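Order-wise, the sequence lines are chains S and Y.
Letter 69 of the first sequence, counting from 1, is numbered 70 in the working numbering, and no numbers are missing.
Letter 76 of the second sequence, counting from 1, is numbered 77 in the working numbering, and no numbers are missing.
Heads up, some of the hints might be wrong.
For chains that are exact copies, the list does not tell them apart, and a pair is met inside one copy or across any two.
Claimed, not checked - Okay, derived cross-link-like pairs now, SDA-like style, lysine to any residue, Cα gap no bigger than 20 Å in a straight line: (1) Lys98 to Pro68; (2) Lys159 to Pro110; (3) Lys79 to Glu47; (4) Lys98 to Asn75; (5) Lys190 to Tyr125; (6) Lys88 to Thr143; (7) Lys30 to Arg60; (8) Lys88 to Glu150; (9) Lys20 to Asp44; (10) Lys152 to Arg60; (11) Lys98 to Val76; (12) Lys152 to Asp67; (13) Lys152 to Ser163; (14) Lys159 to Glu47; (15) Lys79 to Ile104; (16) Lys88 to Thr5; (17) Lys190 to Asp130; (18) Lys195 to Ala58; (19) Lys79 to Ile103; (20) Lys159 to Thr65; (21) Lys88 to Leu154.
In case anyone wonders, no lab produced these hints; they're calculated from the structure.
Please read these numbers as outputs of a predicted model, since none were measured by experiment.
2 protein chains.
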Amino acid sequence: MADTIEITPRTGTAFTLNKGQRLTVIDPKGVQVSDLVAFNRHDPEEVISNGRTLDYASRIYLTTGDPLYSNRSNVMLKIVADNTPGKHDFLLTPCSKDTFRIIYGDKDPHQGCFGNIAGAIEPYGISSDRIPCAFNCFMNVTVDSDSGELKVLPPITKAGDSIEFVAEMDLIVALTACSALQSNGGSFKPIQYKISD
Amino acid sequence: MADTIEITPRTGTAFTLNKGQRLTVIDPKGVQVSDLVAFNRHDPEEVISNGRTLDYASRIYLTTGDPLYSNRSNVMLKIVADNTPGKHDFLLTPCSKDTFRIIYGDKDPHQGCFGNIAGAIEPYGISSDRIPCAFNCFMNVTVDSDSGELKVLPPITKAGDSIEFVAEMDLIVALTACSALQSNGGSFKPIQYKISD
Numbered sequence: 002m003a004d005t006i007e008i009t010p011r012t013g014t015a016f017t018l019n020k021g022q023r024l025t026v027i028d029p030k031g032v033q034v035s036d037l038v039a040f041n042r043h044d045p046e047e048v049i050s051n052g053r054t055l056d057y058a059s060r061i062y063l064t065t066g067d068p069l070y071s072n073r074s075n076v077m078l079k080i081v082a083d084n085t086p087g088k089h090d091f092l093l094t095p096c097s098k099d100t101f102r103i104i105y106g107d108k109d110p111h112q113g114c115f116g117n118i119a120g121a122i123e124p125y126g127i128s129s130d131r132i133p134c135a136f137n138c139f140m141n142v143t144v145d146s147d148s149g150e151l152k153v154l155p156p157i158t159k160a161g162d163s164i165e166f167v168a169e170m171d172l173i174v175a176l177t178a179c180s181a182l183q184s185n186g187g188s189f190k191p192i193q194y195k196i197s198d
Numbered sequence: 002m003a004d005t006i007e008i009t010p011r012t013g014t015a016f017t018l019n020k021g022q023r024l025t026v027i028d029p030k031g032v033q034v035s036d037l038v039a040f041n042r043h044d045p046e047e048v049i050s051n052g053r054t055l056d057y058a059s060r061i062y063l064t065t066g067d068p069l070y071s072n073r074s075n076v077m078l079k080i081v082a083d084n085t086p087g088k089h090d091f092l093l094t095p096c097s098k099d100t101f102r103i104i105y106g107d108k109d110p111h112q113g114c115f116g117n118i119a120g121a122i123e124p125y126g127i128s129s130d131r132i133p134c135a136f137n138c139f140m141n142v143t144v145d146s147d148s149g150e151l152k153v154l155p156p157i158t159k160a161g162d163s164i165e166f167v168a169e170m171d172l173i174v175a176l177t178a179c180s181a182l183q184s185n186g187g188s189f190k191p192i193q194y195k196i197s198d
């Protein structure tokens, strides 16, 4: 049985995932977001792309059966199970020092998911400039059809909800326990994940 | 007075824009999209970012007064005039061979805006892997609030409508007359632009 690994609040990690392996991302306490980005392990210039994925899906909300495409229009991951109410975000970039400075007005901002991902991918030789819009597991972003207004609302996940992906190529994946208060209903919680064959 | 330059249907170009210069993108016949991407001229690893921009704007529809941010959260361009009904898209990547293969089922697909941008930025030493989601001037993409369904509808621009940007840093800009039938109301038309100090 696969080990469950915990990502402590406001941190992140990176790991490799082989083609065919499954990654389960778990929200152990509920109402917590996990940012996921993915790179082709053999050529990290190939990276997950929200624009390609949303265009081909013709939907901003993705769930079981939906492929996540790269900037080269190859499928990197596929969602194979979605044990949540089905709300994840693929519009926004990882929260960062600048997010906290611009949106929250913080004077001494946390490095956010962006900084956590940057630190986690550095050992793989990938620059922070390569960090794209993340697939934000469990993140509850609504769009008003008329005005186009975006709202970041508390996730609608319950404790133990999860989403499962299968890798469609050999990957480097970075994953966080999100650091933005607004995204997580006002408190920071851990994220868990497990990898299985 | 600034010269008006025409981009012929289904092609693209790239040019430099100095900090403080203004770029006007014109839809001379109406109902035509123009994909715009921008790179920091002194460090092309810095590139326009839809995720940063939409997050900071809290809106998917951008118009006069809105800044367009880079992946490093710096303002690259600002929209200073919007002589259109105010509908532009910043969700989708440039149409490409893969777009035409996956969405249209084309057997011998056109290279699309992606191929046109790739060719135009190559002389500046920028790889096609660096092409991000474009700011799609005049593109009419709607999002259903409930289902998240995206629809690419004909632009609502009239002949002569335009949008004007000011450069907030020295830039390389790529600009197209979009190659996707669905985005342009079923026919391919030119785009015009002019640069002024």
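Okay, the hints, checked on the actual structure:
Taking identical chains as interchangeable, the C-alpha atoms of Lys98 and Pro68 lie at most 20 Å apart only when they sit on different chains, with a minimum of 18 Å there against 30 Å within one chain. In this homomeric assembly, Lys159 and Pro110 never come within 20 Å of each other (Cα to Cα): the closest approach is 29 Å inside a single copy and 45 Å across copies. Taking the shortest alpha-carbon separations for Lys79 and Glu47, only the intra-copy value of 16 Å comes in at or below 20 Å, while the best inter-copy value is 29 Å. In this assembly of identical chains, Lys98 and Asn75 lie within 20 Å of each other by CA distance solely across copies; the values are 12 Å between and 31 Å within a copy.
Neither within a single protomer nor between protomers do Lys190 and Tyr125 lie at most 20 Å apart by alpha-carbon distance, with minima of 27 Å and 45 Å respectively. Proximity of Lys88 and Thr143 under a CA criterion of 20 Å is satisfied in both settings, with 10 Å inside one chain copy and 19 Å between copies. Taking the shortest alpha-carbon separations for Lys30 and Arg60, neither the intra-copy value of 28 Å nor the inter-copy value of 30 Å comes in at or below 20 Å. Taking the shortest alpha-carbon separations for Lys88 and Glu150, both the intra-copy value of 17 Å and the inter-copy value of 13 Å come in at or below 20 Å.
In this assembly of identical chains, the alpha carbons of Lys20 and Asp44 lie at most 20 Å apart only when taken from the same copy (14 Å versus 34 Å across copies). Proximity of Lys152 to Arg60 under the C-alpha cut-off of 20 Å is found in both arrangements, the shortest distances being 17 Å within a copy and 8 Å between copies. Taking identical chains as interchangeable, the C-alpha atoms of Lys98 and Val76 lie at most 20 Å apart only when they sit on different chains, with a minimum of 15 Å there against 31 Å within one chain. In this assembly of identical chains, the alpha carbons of Lys152 and Asp67 lie at most 20 Å apart only when taken from different copies (18 Å versus 23 Å within one copy).
Taking the shortest alpha-carbon separations for Lys152 and Ser163, neither the intra-copy value of 23 Å nor the inter-copy value of 29 Å comes in at or below 20 Å. For a Cα distance limit of 20 Å, the shortest separation of Lys159 from Glu47 qualifies neither inside one copy, at 34 Å, nor across copies, at 38 Å. Taking identical chains as interchangeable, the C-alpha atoms of Lys79 and Ile104 lie at most 20 Å apart only when they sit on different chains, with a minimum of 18 Å there against 32 Å within one chain. With identical chains, the CA atoms of Lys88 and Thr5 are never at most 20 Å apart, being 23 Å at best within one copy and 46 Å at best between copies.
In this assembly of identical chains, the alpha carbons of Lys190 and Asp130 never lie at most 20 Å apart, being 27 Å within a copy and 35 Å across copies at closest. Neither within a single protomer nor between protomers do Lys195 and Ala58 lie at most 20 Å apart by alpha-carbon distance, with minima of 27 Å and 35 Å respectively. Only between protomers do Lys79 and Ile103 lie at most 20 Å apart by alpha-carbon distance; the minimum there is 16 Å, versus 33 Å within a single protomer. Within a single copy, Lys159 and Thr65 get their C-alpha atoms as close as 18 Å, which meets the 20 Å cut-off; across copies the closest is 41 Å, which misses it.
Taking CA atoms no more than 20 Å apart as the test, Lys88 paired with Leu154 passes inside one copy only; the shortest distance there is 11 Å, against 25 Å between copies.
Violated hints, listed in ascending order, are 2, 5, 7, 13, 14, 16, 17, 18; each of the other numbered hints is respected by the structure.
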